[in-house]
Amino acid sequence: MKRAAVLFFASILLTSFAIQAGAQESIKVGIILPITGDKAKFGEIEKKSFEMALEEINAAGGINGKKLEFIFEDDTGRPDVARSAAEKLITKDKVVMLGGGYGSSETFAISGVAQQNRIPFLVATGSDDKITEQKWDYIFRLNPPASEYPQALESFLREVAKPKTAAILYENTNFGSSSSRSFQADCDRIGIKVLMNEGYEHGGVDFKPLLVKVKQANPDLVYMVSYVMDAALLMRQSMELQLTPKLFVGGGAGFTLPEFQKNAGKAAENVFSASLWYQTLPYPGAKEYYEKFLKKYGSETEYHGAEAYASATVIADTLKRAKSPSREDVREALAATDIKTVFGPVKFISYDKKTNQNKLPTYLVQWIGGNLELVWPKELASKPFVFPIDWEKVWK
Amino acid sequence: MKSINWPTILVIAVLALFPAVVPSDYYRHIFIIALMWVVIGSAWNLLAGYTGQVSFGHAIFFGTGAYTAGLCVTKLEISAWWGMLLGGPVALVVGLLIGWICFRLRGPYFALATIAVGEIFRLIATVWRDFTEGMEGILIIQTFRSKIPYYYLALFLAALCITVIYLVTRSKWGFYFVAIREDQDAAESMGISAFRYKSLSLMISSFFTGLAGAFYMNYMGFIDPQVVFSLHYISIMAILVGIIGGVGTIWGPPVGAFIMVLLQETFRSSFFGLLPKWISEAHILVFGLLVIFVIRYMANGIIGDWSKIQRLWSKDRELLSASGRN
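Line by line, the protein sequences give chains A and B.
Each step along the first sequence adds one to the number in numbering that gives the first Met the number 0, with nothing skipped, and position 313 is 312.
Each step along the second sequence adds one to the number in numbering that gives the first Met the number 0, with nothing skipped, and position 238 is 237.
Because the hints were derived from the structure by calculation, they are not lab data.
Simulated pairs of lysine-lysine, DSS-like, Cα-Cα distance not exceeding 27 Å:
hint, chain 1, residue 1, chain 2, residue 2
1, B, Lys-74, A, Lys-134
2, A, Lys-352, B, Lys-74
3, B, Lys-74, A, Lys-129
Throw the hints in and build the complete structure from the sequences for me.
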């Protein structure tokens, strides 16, 4: 019995020797995304965008003549796995910097590793406010923090919808929980009474008990923070229950993916969502990126993809400007970033409690006629918003 | 232990020298996680393998230990290392309370009750945002950048856990545990208080699992309810570690822990990047196949059925040498 154990331990020790890394030619950057698991849909759209950007960067001469290489690692949507992935990239692959970071918890875990190892990490999506509030000098964030997602929504509510009451439903994840907290604060500020603020277990299939509660509360606004499957189910079941507030608003994430519309069908119609990007925005390359993505992969892209594409642009720009590929030089170059990307201008500043945070306006989108349209701010809108909404007609 | 136990010494020596020989932090990390699972698996095994009380809720103790360490930082504003002292005892108290409720039930009913209690703990930790930070989780910055202190701490915990369990199983308590496992009613008729000894077994088990949880908080630096109270990733994993290695053996869970952790990482990284990426998506499938294989062909686990494996080997060799002679 004990000999078994000895044999066993000796053999794993040997195999760990046997596996060693090969030669190093290109400049390596580690990208951590959820490629499998619940959040895989987002990881997929981001990975495709990273890959597309990489092809273009290398076709245009790479990084000062050297080839840029992205090493993708799957965090499976779990923070502990994300941490292992980050450690592997840093210590085994010897990447010069990290990118990606989808879920807030995973991004948080990666940030801890990156800061400790002094490896610059450019966050693409992970949006919990706390990530850039730790005074971590190696962590930079491209996307706005979760608390700023509903900024455009706020002015829309004030000027157009003017709801008096709201119900907040959120998926019990880091992103859901922190978003609901900040939206509650927004409501308090603009004088909307929050009738209920409830979390639900993600990955559920029956949201009717929750939605019946919402129906009884009868709010003017239903605000939902959900990833993709839950978002579609919530809307489909709202339609079945004939839950008819003045408006449904999604807090980003699941509500802007093409899959949301596919899964929810007509229940997706006229649903609003906070968004960080839209292809018709006056950013250089935004429209081209959208069309190229559509042509290459045969599906639409949205703000998550744009974040990833812009991340790749920023990474390439940083590495081109860095004096050497050392961590300190890369960090300095990243901190000095000041470029225009498809996602908007990128410049890392410190404000409020945040450091190294890119500040961008946010938008409100709406599903109109099966397409995602930018509706607010008005001057940038791709289509006029549909409001008030006659649910009976929409859901017929 | 009359004669010097060479194999054990060799295992300890190999593991003690490992970080010195392998300079990669990545492999050290995998070994640290494996050693942590040695603790959890062995602790689970004392309760399930030796005492016959199959728990599907070891995440309760793991999570309690982890949160004890985490709350030291967020609520008491002291170092998470205090959790290493407090995590075990707090988990032990929780274990005592759970045993007091759940040991009224036997066999599968006990197992079901532990699932339920585990989920209750996870939900409480999720919903009670003011106390636990809910799903936003608790993040700390680790004390050491180097893996080496964590490695030796994990090794120490694993050695401590295995030693304690070894001693317990060879003491009077250990025999009472086995007696309860084999036939609780017969054991009671011999004057063994089943409730008392099951509780004792659970206390030791929960203490070590809590200790592993506190270690996890200190080492990983981030916890949330879905990570540390997870039915799938903690409670079930503890069972798999036990089943694959061998239930009711001292060396089963340690071997099971290394197999499970290495297998998981090998698949997640698509055989360290040597094979195409889609392999990584098959890791859950491989776990399933492995469990089916072990249950079908080695019901006592790799260590439990080691003699069987050896026999197969030697039979093969005999056959080979026999055919060679002809």
